[in-house]
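Undergrad: Residue strings, one per chain:
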Amino acid sequence: MTIQEIQEEIVDEFSMFDDWMQRYEYIIELGKSLPLIEEQYKTDNYSIKGCQSKVWVHADEQDDKIVFTADSDAILTKGIIAILIRTFSGHTPQEILDANTDFIDEIGLKEHLSPTRANGLVSMIKQIKMYALAYQAKH
Amino acid sequence: MIDIQKIRADFPILNQQVNGKPLVYFDNGATAQKPLVVIDAIEKYYKEINANIHRGVHTLSQLATDAYEVSRNAIQKHVNAKHNHEIIFTAGTTFGINLVANGFAALLKEGDEVMVSHLEHHSNIVPWQLLCERTGAKLVVIPMNDKGELNLEEFEKLLSDNVKVVAVNHISNALGTVNPIKEIIKKAHKVGAAVLIDGAQAAPHLKPDVQDLDCDFYAFSGHKVCGPTGIGVLYGKEEWLRKLPPYQGGGEMIAEVTFEKTTYADLPHKFEAGTPNIAGGIVLGTAIDYLNEVGFDNIAVYEQELLDYATEKLLQIEGLRIYGTSEHKASVISFNIEGIHPYDIGTIVDKLGVAVRTGHHCAQPIMQYFNIPGTIRASFAFYNTKEEIDIFVEAVKKAKTMLS
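As they're listed, the protein sequences go chains D and R. Each residue of the first sequence is one higher than the last, beginning at 1 in this note's numbering. Each residue of the second sequence is one higher than the last, beginning at 140 in this note's numbering.
Calculated directly from the structure, the hints in this document are not laboratory data. Using N, Cα and C, we set each Cβ at its ideal position, and we do this for glycine too. Treat the hints loosely; a few may be bogus.
As the list claims (entries may be wrong) - Incomplete in silico selection of chain R near chain D, CB under 7 angstroms:
#1 His-480
#2 Asp-483
#3 Thr-486
#4 Lys-490
#5 Tyr-508
#6 Leu-542
What the hints assert, rightly or not - Per label pair, the in silico range of CB-to-CB distance:
#7 His-139/D to Gly-388/R: 31 to 41 angstroms
#8 Asn-119/D to Gly-413/R: 27 to 37 angstroms
#9 Leu-269/R to Asp-60/D: 41 to 51 angstroms
#10 Lys-248/R to Met-130/D: 43 to 53 angstroms
#11 Gly-478/R to Asp-44/D: 17 to 27 angstroms
Just chain D, with the same shape it has in the complex:
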């Protein structure tokens, strides 16, 4: 699936819920499916600044595609990063860099995040794109 298709799929999933409570429960569920980062990478080098809870993201290259793993000490944050990783993981650096992130607004995530969390979300997306940029530069 392309990034675009995955995003549409996520928007679809979220459209099934009529209240924020169900959305949160789903985000928590998604958090549990997060591909976890190896313990050795849970260091400052891999942590994302701008989040009020701790978040670590690691990127690996497999067959020209970037595979992300992550973790957080807060469950909702884990769910949010899981959504991002599901979207971006397994794609080429160029695809990741070209992707827009409007789907975040469409699933109503931002409006349910406090400004500090929303800033954290922006930082996470930025970090993912930075990894893509770094891998692209390597080639």
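With chain D fixed as given, assemble chain R onto it according to the hints.
TA: This is chain R only, laid out in the frame that chain D set:
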């Protein structure tokens, strides 16, 4: 006695819904809500007497100046200061502490010591660290115990002639501990140290008597005592305020300016450079009058009831731990639930209409002591109710179920 229905009618903001639920505002430690008399007084000032103060001969300027000074007198009376010129209007507690710390740069030298406590808000740590960097003085920390109380034995051991300033809070913002400041002040004075009390969290709950406490400085913020933001008070003993150099230069704080030399205005204007927050200063007096009308004795009794009730209810939740378990506490409960991040709980209870603070509460050393990323902090005011505590406890339970 608190007539809660009457009091709640004074606070229009409480009567609303957030996220489709009735608002339960338990973030009073961050800022207090404003009663109608305060909101009206702001409007009245701008509609009727707005003018610059202490300089015009025209009528409006006189009216505004009078109102500003009436407020200063009300605050003097409120904290029982000896003179009204010992009351300096500031932008808030942080500003007041910085004013004093900055002034001490002229009085300290290498080898001197500045003492703070483990329980301080960053605002009562960082200005002193900056002072130490500038002067070569050393920062010394009064340790705390597992209940969130200061260790007074250690404090006495740390005291020496080298200690020039002791800066502690009256009440801890993160844990709610009421510190034995009278004792601390007395002991610090024995070695000749000046004592600054950060009263930001105490001012909403009690009436400080600066002469009885015998503190040298006492700082608090207007917005936490139902007044506007951007205004605060620094009380300083006259002799200390005369010793300290001005903090900022500008209009209002001068006696005479020539290019060769400027002489400074007398107290309190020496520390009030520039056009002050006139509306804020005037309305802070209104807010303090309002609180005194409610009565601090009534507030203390009522808030203790809320604290006891909430503590009991919260402790019934399995896995919940309260940080700050001193017998002497203000109506603040800082807690975590085992295995759940405070942000997760804060986010869910917000959706249920409850406003609490989550995080390190600008007191990271306390979080480091307990080895936690932060806590959920519920802080109650005299306009809160037991019914609201019930809603809050149910919200925490629901969050716990969702998140575990």
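Undergrad: So, as I understand it, the hint says Asp-483/R touches chain D; can you test that by seeing if any CB pair is closer than 7 angstroms?
TA: 5 angstroms, holds
Undergrad: Does Tyr-508/R hold up as a contact with chain D if the rule is Cβ-Cβ below 7 angstroms?
TA: 18 angstroms, violated
Undergrad: How does the Cβ-Cβ distance of Gly-478/R and Asp-44/D compare with 17 to 27 angstroms: does it lie in that range?
TA: At 24 angstroms between Cβs, range holds.
Undergrad: Using the Cβ atoms, figure out if Asn-119/D sits within 27 to 37 angstroms of Gly-413/R.
TA: 33 angstroms, holds
Undergrad: Does the Cβ-Cβ separation between Lys-248/R and Met-130/D fall within 43 to 53 angstroms?
TA: 48 angstroms, holds
Undergrad: Does the interface hint hold: is Leu-542/R within less than 7 angstroms of chain D, judged Cβ to Cβ?
TA: Holds - the Cβ of Leu-542/R comes within 7 angstroms of chain D, reaching about 6 angstroms at its closest.
Undergrad: Should the interface hint for Lys-490/R be scored as holding, given a Cβ-Cβ cut-off of 7 angstroms against chain D?
TA: 6 angstroms, holds
Undergrad: Taking 7 angstroms as the limit, does the beta-carbon of Thr-486/R come near enough to a beta-carbon in chain D?
TA: 6 angstroms, holds
Undergrad: Does His-480/R pass the interface hint, meaning its C-beta sits closer than 7 angstroms to a C-beta of chain D?
TA: Holds. Min distance 4 angstroms.
Undergrad: Do His-139/D and Gly-388/R keep their Cβ atoms within the hinted range of 31 to 41 angstroms?
TA: 58 angstroms, violated
Undergrad: Do Leu-269/R and Asp-60/D keep their Cβ atoms within the hinted range of 41 to 51 angstroms?
TA: Taking Cβ atoms as reference, Leu-269/R and Asp-60/D lie about 44 angstroms apart, which means the hint holds.
Consistency note: the structure conflicts with the earlier hints numbered 5 and 7.
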